[in-house]
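> Based on the provided sequences and hints, a complete structural model is requested.
Take a look at the letters that make up each chain.
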Amino acid sequence: MTWRNWEASYDVSELEPRSRAHDTYVLQEYFLPVDSLAAFVPRMAKVFRKHDADVVNVSIRHALPDTGSFCRGHRPSRSPT
Amino acid sequence: MYYRQGTDPASQRAVARWTREMLDTVLASGGRWYLPYQPHATRAQFERGYPRASQLFAVKRRVDPTDKFTNVLWDMYAPDARGNAPAIDAARMPAVLQAEAREQLDARQHYYRNESAEYLTHAEWDLVYTSDAYARWLASGNRPSAFPYVRSVGSFWRSYRAAERAASVRSDVPVGTHVMLNVIGVSTAIEYGLKAMYESSLGRAAEWTEPAGGVAEEKYAARVAADYAALIAEKEWYEFSFSHALRGLWTDVPLTGPGMIRKWERRFALSGEYAVKAMYASLIAMGTSSAYEPDQLTRELVVAGWNDSLARDPALAAMTRVATLDRGYSLLRVPRYTPYREALIALSAHHDSVRLAEVSGNGVVTLTGLVPEGWVAPARATVITAYPDAGGAARRRVLLALPARELLDVLATQRGRSAGGLAVDHIYDY
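Protein sequences, first through last, are from chains A and H.
Residue numbers for the first sequence follow the working numbering, beginning at 518 and rising by one.
Residue numbers for the second sequence follow the working numbering, beginning at 5 and rising by one.
In case anyone wonders, no lab produced these hints; they're calculated from the structure.
Careful: at least some of the hints might be erroneous.
Stated by the list, open to error - Beta-carbon label-pair distances, calculated as ranges:
id: 1; chain 1: H; residue 1: Val67; chain 2: A; residue 2: Thr584; range: 36 to 42 Å
id: 2; chain 1: A; residue 1: Phe587; chain 2: H; residue 2: Asn186; range: 57 to 63 Å
id: 3; chain 1: H; residue 1: Gly197; chain 2: A; residue 2: Arg537; range: 39 to 45 Å
id: 4; chain 1: A; residue 1: Thr584; chain 2: H; residue 2: Asn75; range: 33 to 39 Å
id: 5; chain 1: H; residue 1: His248; chain 2: A; residue 2: Val572; range: 58 to 64 Å
id: 6; chain 1: H; residue 1: Phe73; chain 2: A; residue 2: Tyr542; range: 51 to 57 Å
id: 7; chain 1: A; residue 1: Phe587; chain 2: H; residue 2: Ala89; range: 16 to 22 Å
id: 8; chain 1: A; residue 1: Val575; chain 2: H; residue 2: Pro376; range: 34 to 40 Å
id: 9; chain 1: A; residue 1: Ser536; chain 2: H; residue 2: Val67; range: 14 to 20 Å
This structure is a prediction, so every number in the text was calculated from the model and none was measured.
Ideal Cβ placement from N, Cα and C applies to all residues, glycine included.
Set out below in structure tokens:
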């Protein structure tokens with residue numbers, strides 16, 4: 518068995534597909550207020566299932582609020598996924 | 005969120021659709037999304053998620069009033085000074101179509117075509133060019149025994165392989181396409197193989213007895229070959245009436261005359277050829293009518309910069325605007341085959357003000373034509389395959405793939421080079 522994180526820890530190219538010509542891997546990030554995250558997750562899953570999206574991984578992390586920019590993803594006192 | 009997607013246009017559209025639906029869900033939960041990724045969001049979604057962006061755009065307009073600096077986010081979402089989405093012009097056409105135009109196209113029937121068709125159609129057309137070369141060969145009084153039958157079969161399979169390789173980089177070629185190409189490829193190999201054997205033995209022996217100026221049967225064969233080449237440029241080969249050609253040979257061509265040996269040798273050779281083809285064509289026609297739906301006779305393409313004065317230009321009469329899309333793009337409908345080529349070549353005269361965005365939902369166009377020795381492909385085009393023309397002239401046939409957005413520029417440049425340029429046979433129309 519190969520652990521994804523162990524592989525990635527010494528050579529991230531191990532995770533790369535042999536070619537990205539036919540298929541590729543793409544990242545999207547959403548910023549959700551912490552208090553609406555629990556309700557959002559099943560709605561997100563529903564969209565993935567409905568469209569048969571080939572999702573490899575969803576990770577959640579906490580980000581500090583952004584108070585300065587005009588196009589801020591995460592608003593004061595809220596947090597992202 | 006990390007996901008896998010196909011790189012072909014249909015997969016990209018599918019991702020854009022679920023992403024927009026996801027963004028509605030995100031917005032409903034009071035969320036936002038990370039902007040520097042692909043710009044799938046509609047302007048309405050963007051404005052809802054980023055209401056203060058208008059202040060950013062106002063600052064940008066102040067410090068960079070001529071838009072020296074720009075990027076996809078600006079292309080997609082930056083309004084003009086009055087707050088409207090600016091119309092797209094040919095000179096600054098963004099690399100991708102905005103979500104609103106895509107949604108308008110997604111709602112249409114019969115717009116999208118499979119990308120791989122644009123490459124593989126060349127293999128079929130290669131047989132049309134060979135039939136045309138054969139008709140010209142006979143019409144110029146060349147000996148049928150000297151036609152490059154074997155090399156022509158080789159050029160079909162080489163075209164097929166090269167086109168398949170180019171098409172399958174991004175998407176899988178439908179099995180039905182492979183079946184069809186293999187059936188016509190094997191049939192042609194058998195036909196040309198038999199012809200090569202016959203013409204280089206019995207046919208050549210009879211050629212020795214031929215009177216100066218040939219026999220009436222040969223002129224008839226040249227005429228049938230020309231009719232056949234003309235028909236298959238527009239229709240399926242099996243729609244040609246070989247039984248009509250056979251009847252004509254026995255009713256319209258005199259049974260006696262100079263060169264009796266060659267006359268009757270040709271008469272039997274041609275009768276055999278037409279009879280076998282008539283039977284084979286009726287078999288294929290039966291099989292095909294049950295396997296395939298009839299195809300559309302027009303295609304649709306998206307352009308920036310179309311206007312009413314172009315619509316009145318008689319050279320562009322074949323193009324009809326069927327819809328005006330978001331931000332001033334136009335959806336044009338064009339008949340297929342020769343009118344398609346002629347309309348695009350005529351439109352290329354306006355390449356400074358009009359630009360193609362996509363054709364049948366795809367960003368790639370392939371075209372073929374003959375080029376002289378020493379011809380160099382335009383920088384933005386890829387040569388998929390190149391081989392000598394069966395007609396024997398010192399010209400090569402090339403199959404080029406290029407971005408749709410560059411097509412009009414490339415056509416205009418090649419046309420400007422009258423003698424040394426590419427003489428376009430076909431701009432493939434999916």
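> Each of the hints needs a verdict: does it hold here or not?
How the hints compare with the structure:
no. : hint                               : verdict
1   : H:Val67 with A:Thr584: 36 to 42 Å  : violated (23 Å)
2   : A:Phe587 with H:Asn186: 57 to 63 Å : holds (59 Å)
3   : H:Gly197 with A:Arg537: 39 to 45 Å : holds (42 Å)
4   : A:Thr584 with H:Asn75: 33 to 39 Å  : violated (24 Å)
5   : H:His248 with A:Val572: 58 to 64 Å : holds (60 Å)
6   : H:Phe73 with A:Tyr542: 51 to 57 Å  : violated (30 Å)
7   : A:Phe587 with H:Ala89: 16 to 22 Å  : holds (19 Å)
8   : A:Val575 with H:Pro376: 34 to 40 Å : violated (57 Å)
9   : A:Ser536 with H:Val67: 14 to 20 Å  : violated (42 Å)
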